[in-house]
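S.K.: Residue numbers for the sequence shown follow UniProt numbering, beginning at 1 and rising by one.
Please keep in mind that the hints were generated in silico from the structure rather than gathered at the bench. Glycine is no exception: its CB is placed at the ideal position from the N, C-alpha and C atoms. You can take every hint at face value.
No farther apart than 20 Å at their CA atoms in a straight line, the calculated lysine to aspartate or glutamate pairs in the DMTMM-like style are these:
1. Lys27 x Glu105
2. Lys130 x Glu108
3. Lys27 x Glu119
4. Lys27 x Glu107
5. Lys32 x Asp42
6. Lys130 x Glu119
7. Lys130 x Glu117
8. Lys27 x Glu117
9. Lys27 x Glu39
10. Lys130 x Glu107
11. Lys130 x Glu105
12. Lys27 x Glu108
13. Lys27 x Asp42
Distance ranges between label pairs, derived from CB positions:
14. Glu178 x Leu54: 18 to 24 Å
15. Asn160 x Glu117: 44 to 50 Å
16. Leu210 x Arg123: 20 to 26 Å
17. Gly146 x Arg38: 21 to 27 Å
18. Pro103 x Met149: 37 to 43 Å
19. Ala182 x Asn160: 17 to 23 Å
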Amino acid sequence: LTSIYGTAGAIVIGVPIGFLMAVFLSKVANRKIAAVIREVVDLLAGIPSVVYGLVGMMVLVPAIRTAFSLPAGDTLLAAIVVLAIMILPSIISVSETALNSVPREYEEASLALGATEIETYFRVSAPAAKSGIAAAVVLGVGRAIGEAMAILMVAGNVANMPGLLSSVKFLTTAIAGEMSYAGGLHRQALFSIGLVLFLFIMLINATLNLFLKRNKEGN
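Build the full structure now, drawing on both the sequences and the hints.
M.R.: Below, the structure written as structure tokens:
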């Protein structure tokens with residue numbers, strides 16, 4: 001449950017921000033500003049996950065501890081925020097590419113019919129690019145559900161029922177933290193966790209393919 005809640009929380013935060021940033025880069029920002037932001041996004045994409053975890057441990061965890069008067073700030077909330085930041089680069093890049101592939105004629109026709117630019121972006125461009133945006137979301141889910149090191153550093157790695165302000169353990173952190181000394185049934189359980197993660201990703205990919213197929217048939 002913790003992995004599902006953490007991934008869902010990261011998607012709820014990361015997808016809207018990433019999509020809006022992609023719209024800004026593709027349709028609103030001038031070339032200089034867009035170029036600078038793209039460089040920052042590329043830089044974020046190349047940062048190792050352990051660095052995200054270290055920054056989260058040094059900055060985010062103390063902030064959460066102070067803000068909510070907790071004995072420790074290693075919580076599910078910290079993990080969600082770190083994951084949301086980590087999935088932003090892929091969501092922004094893929095969504096922007098999808099928006100840029102929308103024919104300019106669609107937008108010009110919408111503007112000619114009296115729609116504002118904002119209405120055109122969200123009612124014409126975004127629906128036309130929904131397959132690419134869906135792919136961006138799946139990439140984000142895959143990154144979030146498979147992350148281990150950064151989460152190990154900010155979530156507390158304690159086997160609790162998921163609570164936003166509780167220290168928790170993700171499936172991936174269980175594998176990363178326990179595989180080195182596990183043996184027998186314990187080791188088999190960790191391999192089973194890996195299989196569950198694999199099947200979960202396969203299910204998400206199959207759902208995306210079904211969505212894209214139906215969307216193509218509908219068009």
